[in-house]
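Trainee: Single-letter residue listing:
Protein chains: 2
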Amino acid sequence: MSNFEIVKTNGAVRQAVLSTQSGAIQTPVFMPIATAGSIKTMTAEEVKAVGAQIILGNTYHLLLRPGPELLQEVGGIKKLMRWEGPMLTDSGGYQVFSLSKINKTDEDGVTFQSHIDGRSIRITPESSLAVQHAIGSDIRMQFDDVAAGVSTRERYEDAMLRSLRWAERSKTAHRNLQTESQLFGIIQGGTHEDLRDQSLDGLIKIGFDGYAIGGLSVGESRMDTFRIAKHIAERMPADRPRYFMGGGMPEEIVYYVSVGIDMFDCVLPTRNARHGQLFTWAGDPATCVREALTRAQEGAADTRIAEALYRKIQITNEGFTADLSPIDPWNDTPTSQLYTKAYLRHLFKASEYLALRLATLQNVRFYIRMMEELRRLV
Amino acid sequence: MSNFEIVKTNGAVRQAVLSTQSGAIQTPVFMPIATAGSIKTMTAEEVKAVGAQIILGNTYHLLLRPGPELLQEVGGIKKLMRWEGPMLTDSGGYQVFSLSKINKTDEDGVTFQSHIDGRSIRITPESSLAVQHAIGSDIRMQFDDVAAGVSTRERYEDAMLRSLRWAERSKTAHRNLQTESQLFGIIQGGTHEDLRDQSLDGLIKIGFDGYAIGGLSVGESRMDTFRIAKHIAERMPADRPRYFMGGGMPEEIVYYVSVGIDMFDCVLPTRNARHGQLFTWAGDPATCVREALTRAQEGAADTRIAEALYRKIQITNEGFTADLSPIDPWNDTPTSQLYTKAYLRHLFKASEYLALRLATLQNVRFYIRMMEELRRLV
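Residue numbers (the working numbering), protein chains in the order written: chain C, 1 to 378; chain F, 379 to 756.
There may be inaccurate statements among the hints.
[What the hints assert, rightly or not] Pairs of lysine to aspartate or glutamate residues, derived as DMTMM-like cross-links and limited to a Cα-Cα distance of at most 25 Å, are as follows: (1) Lys79/C with Asp710/F; (2) Lys426/F with Glu46/C; (3) Lys8/C with Glu46/C; (4) Lys727/F with Asp117/C; (5) Lys349/C with Glu424/F; (6) Lys457/F with Glu318/C; (7) Lys457/F with Asp332/C.
[Said to hold, decoys possible] Quick partial rundown of chain F residues pointing at chain C, CB under 10 Å, derived from the structure: (8) Thr419; (9) Ala427; (10) Val452; (11) Phe604; (12) Gly638; (13) Thr718; (14) Tyr731; (15) Leu734.
Rather than coming from a laboratory, the hints here were simulated on the basis of the structure.
Using N, Cα and C, we set each Cβ at its ideal position, and we do this for glycine too.
Let's have the full structure, built from the sequences with the hints guiding it.
Mentor: Shown next as C-alpha cells:
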C-alpha cells in the first residue's frame, strides 16, 4: 500500500493523504518548526489546536542539545514534548551550512563547530540517520550537501553529485535501522534545470518514500526559485509526496502549491512573530486564498499574489498605539480575535513574553489556515 | 455595608470576603503581579484558570508605559489585558525607591529618572492617584515614602511622618476622583514598634478601606520582618483587610497569615520561574500547608515552616537531565503534571520561551494553591 493517496487534483494542484506510522496528513500541508523541541512559545497542545498536522524537528539543533544519547534514553523528542502526531526531521545538512561558523566538507561527511560551545562535531549520512532515529521522527531526510544560493555551476554540480552519493548511503543506513519511518531524497542542482533533472533521476533510481526540493530559498532571486520549483515539480513522481524545503512567504507557498508541491516548512511565521511582524488576512480567508491561487495559476507576479492574501503589519508601529480593533478579525485563533492591536503593541514595547505568544499564534494559524483553504480549492 | 466580612477565624487567622466593584475575593489571598499589563508569559484567561482572584498592577511601570493618557483613552489596563476581576495598584512609591536611578524626594513628591529612557518624571500623592485612576484599578494605594531596609531611626521616622502627610493628601485626591474604588493606607516606621504604632494611629484617624504594611522585606533581617509584622498585625483594625506588601517566600506568607494578615503580593513565583527555580510541593498540598501553619502558630523557625511546605528545585541542574517524572506531581496545573522535569530542563538549556511558561505556571499555581489550603484551615 502506498504512503500517498491523491484524493483530487485541480490543474497541477493536488489534494492528497500522506500516511505515516503516527497518523495521516492531509496535503498540501505546512509544518511548523519545532527547532529544539518546541514550536517557539507554544505547547504541543496549542500547536495541535491551531491545526498543525505534522511538525518539523531540526536534527542539527537536537544533536547538539539535548543530544542523541538522552533522546534515545527518554524515547525521543516527541515523547518529551508530548507531540503525538507525525514529525519530520531534516538531516542537519542545511543548518551546518547556515549556522555553524566553520564547516569542512569531505567525501565522507561534514565537520563543523557547534554554534553553542564551539566543540567540533562530525555528521555523515550514516550518523545523520542515526540521530534522526534517536529523535524518533516519522519522516527522515537524506543527508545532503547544500551549495550557497549564488554558486558556480561547478559547485552546484559537485554538491548535487555528492548529495546523490550521500542519498545512496542514507538509504542504506535507513534500511539498516529497520524502522517503520519514511525516508525522503533531496533534489539539488542549484538554479540549473539540467543539474536538477540529473539529481531527480539519480534519486528515483535509488527510490524514496518522497522527494524534496533542497537548495532553494538560499539567496538566489525569487524568479530563479520559481523557475526551478516549477520545472522540477512537473518532473517529480506524481505518486509520491513533493516537499519544498524551507520556503517561504505565503505568496511563495501558494505558487509552489499551484505547480503541484505538497509539503512546506518555514521559520517565517514564528521568526517574524518574534519581531512583531504579523501576517493578517486581507479579508475573508477563503476568498483571499482562492484569489491568490487563481493569480498564481495565471502567472501573476508574486507581489500580486501576496496582495490578495495578506497585509504584513509591524505591530510596534506608532499607528497601533490606541488601535482597539482585534489583532486580526479574520484569524480564527481565539487570541487574535480577543486581544487588540493596542494591547499587542504595548506588550511588545514593554518586552513582555506574552507578546511573542500572541504574535506566534497569529502567524502560525495564518499559515495553517492558508493550507486548509488551499486544500478546499482542489 | 462593609467591604470586608469575616467568615471564620482560627486563632489570629481569618477567612474573609473582600468585596470590590469588580467582584468579591476570598482571603487570605495572593495577588500575582501584572507589572506592565501581563502576568509574565500568561494570558488573563490562564491567570484566572490557575485560580487567581485579584491581580496587582504596578503604577510606576504603567505610568512610564503605556502611560496614563493611553490608558484613559482605551478604558484602563484591565480592558486592554482582558482581566475582568479585581485589580489592586500600588502607588509607585516603592518602585521609584527600588528601580529608578536617581530620585529626589521633597515634601511635595518625588522626582526620578525613568529607568527606560532617563527622562525626568515627578510623582506626587495627587498624581499617583490620578494615574491609578487612569489604570482603572479597584483597590488603590496611598503614595508613600519608603526608607531602605537598614536606615537610621531618624530616616524611618521622617519617611513615616511624610507618608502620613501623603496619606492625608492621597485620601483627599481619591475622594475628589469620585470613584467606587477603594483606597488603602500604608503603615511605615521601619523596624521600630513605636514608629509603626504611630503610623497606624495616624492612618486610622484619616480612615481607609484597608491597611497595608509597607517598608518590610526591603533588606532588613527576616527576624525583624516577622517581629514587626506580628506586632503591627495584632494592632491593625480587625474589621478591615490587612495587606503585607511585597512578601515573600511561601514560609513567610504562612507566617503572616498565622498572625492575621489577609493579602499578599510578590514577584518571587514569577521571577524565580524565569531563572528555573521551582517551588514544588513537599507532598500532598493540604497536608503540607496544615503542617506549615501549625509550625508557624507554634513559633517554629522559618526554615522549619519551609521544610513542611516545599522543595525549591533548580530545574537546570544536571540531575534532571533524564528525569521523566512530572514537573510536580502534586501541582494540579495540567502542564506540571503532563510535562517532565527532563523536558523543562531541556527547554531552559535550549533557551526556549516555553520553559518560562511552564515554570511560571508551576510557581504561580503553587502560591495560589497554598492560599486555597490556608483558607480551608480556618
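Trainee: So, for every hint listed, does it hold in this structure?
Mentor: The hints, checked one at a time:
1. Lys79/C with Asp710/F: Holds - the C-alpha atoms of Asp710/F and Lys79/C are around 21 Å apart, at most 25 Å.
2. Lys426/F with Glu46/C: Status holds; Cα separation ~18 Å.
3. Lys8/C with Glu46/C: 30 Å, violated
4. Lys727/F with Asp117/C: 13 Å, holds
5. Lys349/C with Glu424/F: 22 Å, holds
6. Lys457/F with Glu318/C: 20 Å, holds
7. Lys457/F with Asp332/C: 21 Å, holds
8. Thr419: 4 Å, holds
9. Ala427: Violated. Min distance 13 Å.
10. Val452: Holds, because the Cβ-Cβ distance from Val452/F to chain C comes to roughly 6 Å (cut-off 10 Å).
11. Phe604: Hint violated; Phe604/F Cβ to chain C Cβ min 34 Å, cut 10 Å.
12. Gly638: At 35 Å from the nearest chain C Cβ, Gly638/F fails the 10 Å test, so the hint is violated.
13. Thr718: 7 Å, holds
14. Tyr731: Hint holds; Tyr731/F Cβ to chain C Cβ min 4 Å, cut 10 Å.
15. Leu734: Holds, because the Cβ-Cβ distance from Leu734/F to chain C comes to roughly 6 Å (cut-off 10 Å).
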